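Which chain is which? The protein sequence lines are A and B, in order.
Per the numbering used here, the very first residue in the first sequence carries number 1; after that it's consecutive.
Per the numbering used here, the very first residue in the second sequence carries number 1; after that it's consecutive.
Mixed in with the good hints, there may be bad ones.
To be verified - Think about it this way: if two alpha-carbon atoms lie no more than 35 angstroms apart in a straight line, the pair counts; the simulated DSBU-like pairs of lysine-lysine are:
1. B:Lys278 - A:Lys109
2. A:Lys23 - A:Lys140
3. A:Lys75 - B:Lys184
4. B:Lys370 - A:Lys122
5. B:Lys47 - B:Lys35
Calculated directly from the structure, the hints in this document are not laboratory data.
All values derive from a computational prediction rather than experimental measurement.
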Amino acid sequence: MSKFSETQLAEVKRLVARYPEGKQKSALLPVLHLAQDSFGGWLSTETMDYVAELLNITPIEVYEVATFYSMYNLKPVGKYLFEVCQTGPCMLLGSDDIVAYIGEKLGIKPGETTADGLFTLKTVECLGACGYAPMMQLGKHYREHLTKEKVDAIIAECTKNAAANN
Amino acid sequence: MGVKLLLEKAHVQGIRSYEVYRREGGYRSVEKALKTMGPEAIVEEVKKSGLRGRGGAGFPAGMKWSFIAKPEGVPRHLVCNADESEPGTFKDRYLMENIPHLLIEGLIVASFALGSNDTYIYIRGEYAWIVDILEQAIGEAKANGFLGKNILGTGFDCEIHVQRGAGAYICGEETALIESLEGKRGNPRIKPPFPAVQGVWMRPTVVNNVETLSAVVPIINLGGEEYAKIGVGKSTGTKLISACGNINKPGVYEIDMTISVEEFIYSDEYCGGIAKGKRLKACVPGGSSVPILPANLLLKTAKGETRYMNYESLSDGGFATGSMMGSGGFIVLDEDQCVVKHTYTFARFYRHESCGQCSPCREGTGWMEKLLLRLEKGQGKSSDIDLLWDIQRKIEGNTICPLGDAAAWPVAAAIRHFRDEFEWHVSHPEEAQKRNFGLAHYADPIHIPVG
Chain A
1 MSKFSETQLA EVKRLVARYP EGKQKSALLP VLHLAQDSFG GWLSTETMDY
51 VAELLNITPI EVYEVATFYS MYNLKPVGKY LFEVCQTGPC MLLGSDDIVA
101 YIGEKLGIKP GETTADGLFT LKTVECLGAC GYAPMMQLGK HYREHLTKEK
151 VDAIIAECTK NAAANN
Chain B
1 MGVKLLLEKA HVQGIRSYEV YRREGGYRSV EKALKTMGPE AIVEEVKKSG
51 LRGRGGAGFP AGMKWSFIAK PEGVPRHLVC NADESEPGTF KDRYLMENIP
101 HLLIEGLIVA SFALGSNDTY IYIRGEYAWI VDILEQAIGE AKANGFLGKN
151 ILGTGFDCEI HVQRGAGAYI CGEETALIES LEGKRGNPRI KPPFPAVQGV
201 WMRPTVVNNV ETLSAVVPII NLGGEEYAKI GVGKSTGTKL ISACGNINKP
251 GVYEIDMTIS VEEFIYSDEY CGGIAKGKRL KACVPGGSSV PILPANLLLK
301 TAKGETRYMN YESLSDGGFA TGSMMGSGGF IVLDEDQCVV KHTYTFARFY
351 RHESCGQCSP CREGTGWMEK LLLRLEKGQG KSSDIDLLWD IQRKIEGNTI
401 CPLGDAAAWP VAAAIRHFRD EFEWHVSHPE EAQKRNFGLA HYADPIHIPV
451 G
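Using the sequences and the accompanying hints, generate a full structural model.
This is the structure we're talking about:
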């Protein structure tokens with residue numbers, strides 16, 4: 001099972017120190033982000049149990065949080081997760097077409113991952129980029145004013161990066 | 001050009017850095033407040049300013065501050081609500097990305113006024129890169145003696161911590177935010193006790209929106225009375241409006257709340273008119289939760305008077321013929337848009353975001369989504385419209401937090417003002433998939449830009 005490195009453990013310690021004595025559970029959300037980023041982009045039961053142990057809370061306290069928030073992935077996702085907004089303002093500017101186009105290009109439906117494990121397509125609700133619609137989140141950043149051409153370029157960029165890292 | 005208090009310097013080259021921000025007059029309010037005013041005097045100025053919470057509810061900020069309990073020996077906390085998630089709203093993001101030190105400056109003054117030595121910014125998890133921008137700004141403020149121990153030699157200590165959420169609209173509700181900050185699910189608490197008495201870790205807590213806290217800076221610099229002279233009536237100061245949808249110039253605009261809705265939509269200084277030469281059909285003027293209005297009721301009140309971009313005028317006529325300022329998320333629909341489909345996306349949003357504690361909201365949002373989808377696909381019955389109306393009425397007012405109301409209002413308003421568009425989807429199932437209905441009815445007759 002994966003464990004945090006010394007540097008990551010120091011980060012956990014820094015996070016816990018931001019709250020009053022005995023309130024280390026407050027660090028749960030940030031520590032889960034750190035765990036997800038460190039252990040392959042998703043949270044396995046083993047990872048959640050490990051986080052519970054680190055924060056000295058019960059595993060159920062971790063599960064109930066991990067299942068509540070939409071950013072925690074409870075099953076494996078592709079190396080590149082396309083999270084396309086589909087709420088009102090994005091819909092008005094054609095997000096349905098963008099979702100359909102990505103699905104067509106990658107041969108997957110929302111919620112699915114490509115066979116090579118590179119891409120996952122996910123539809124999400126409003127990400128606060130309404131004035132720059134249509135948009136998607138890719139990793140830490142937003143990709144905005146999406147068009148079919150931009151989608152092509154993003155997929156090409158990810159494919160290239162993946163090949164370079166292999 | 002109207003008065004700019006928040007965004008005046010937002011586009012100065014390098015304003016994200018401490019040096020430039022300071023050179024442009026930044027952190028003066030901290031010096032003034034901490035050295036020449038006591039906490040009570042600051043609260044008084046904020047009261048005098050008439051500043052209303054900019055998150056959506058519009059509650060007077062000074063009054064909220066004055067409610068904070070001060071039991072002996074119990075730490076108090078200020079929490080900044082940066083969980084901006086209301087569809088149509090992206091103004092707080094704009095402030096934090098462009099001029100982060102303004103928020104940090106406001107937070108220091110407010111922390112001093114409230115006696116918060118550990119202040120938290122709770123930011124929505126998706127704004128991951130903004131966390132870095134804020135932490136950079138906090139580090140710079142600390143390196144220059146505006147945060148940390150004994151700030152400006154006054155004996156006041158303050159640290160600001162940035163906490164990332166993880167994807168949950170409900171955490172914008174202050175008690176859900178507090179639960180989330182404690183490392184729990186974002187389930188809103190039953191009030192009372194109010195956060196001002198028992199908030200985070202059961203300590204007295206004030207939760208304020210990013211824009212509200214940023215507005216504290218000009219209030220201290222100008223004085224509460226001067227600030228209150230800007231705007232009109234109880235809509236004092238300036239308000240950030242994030243405009244989106246089918247307009248030529250989507251973006252974030254600072255307005256002084258004296259301009260008309262017509263000017264806001266059509267003038268080149270703001271939205272620049274409807275995109276692609278289309279006509280205005282409808283608008284949700286204050287974020288997804290507030291009632292949608294057809295063009296005629298948006299530009300003029302039911303009495304035929306000009307409608308203005310402020311709290312009072314936008315709500316003129318109540319829910320029967322008016323709407324709300326809300327969060328300032330201004331969503332414009334052109335003549336080609338389908339109100340049934342637009343409302344469906346909001347219903348889906350609220351179903352996705354309901355925390356599930358209260359049955360009317362948990363079950364009702366799901367029912368509304370299913371009925372709206374059926375109607376939108378031309379598979380609905382006329383009785384579905386009545387059922388939809390009935391469900392939204394049974395959610396409103398029957399839940400712990402306002403998410404239930406927020407889910408019900410857009411559905412109610414869509415049926416109230418666009419009922420024949422719903423009916424048309426039932427009577428013309430095939431055509432409904434191809435084109436929109438109601439153009440002659442709803443489109444704005446005044447489509448010549450003003451000014």
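(request) For the pair supplied as a hint, lysine 47 (chain B) and lysine 35 (chain B), confirm whether the alpha-carbon distance does not exceed 35 angstroms. (result) holds (20 angstroms)
(request) Mind checking the alpha carbons of lysine 75 (chain A) and lysine 184 (chain B) for me, to see if they're no more than 35 angstroms apart? (result) Roughly 21 angstroms between the alpha carbons, so the hint for lysine 75 (chain A) and lysine 184 (chain B) holds.
(message) For lysine 23 (chain A) and lysine 140 (chain A), compute the direct alpha-carbon distance and say whether it is at most 35 angstroms.
(response) Within the cut-off at roughly 28 angstroms; holds.
(message) Need the status of pair lysine 370 (chain B), lysine 122 (chain A): alpha-carbon distance at most 35 angstroms?
(response) holds (20 angstroms)
(message) Please verify whether lysine 278 (chain B) and lysine 109 (chain A) have alpha carbons no more than 35 angstroms apart.
(response) holds (33 angstroms)
Of the numbered hints given earlier, the model fails none.
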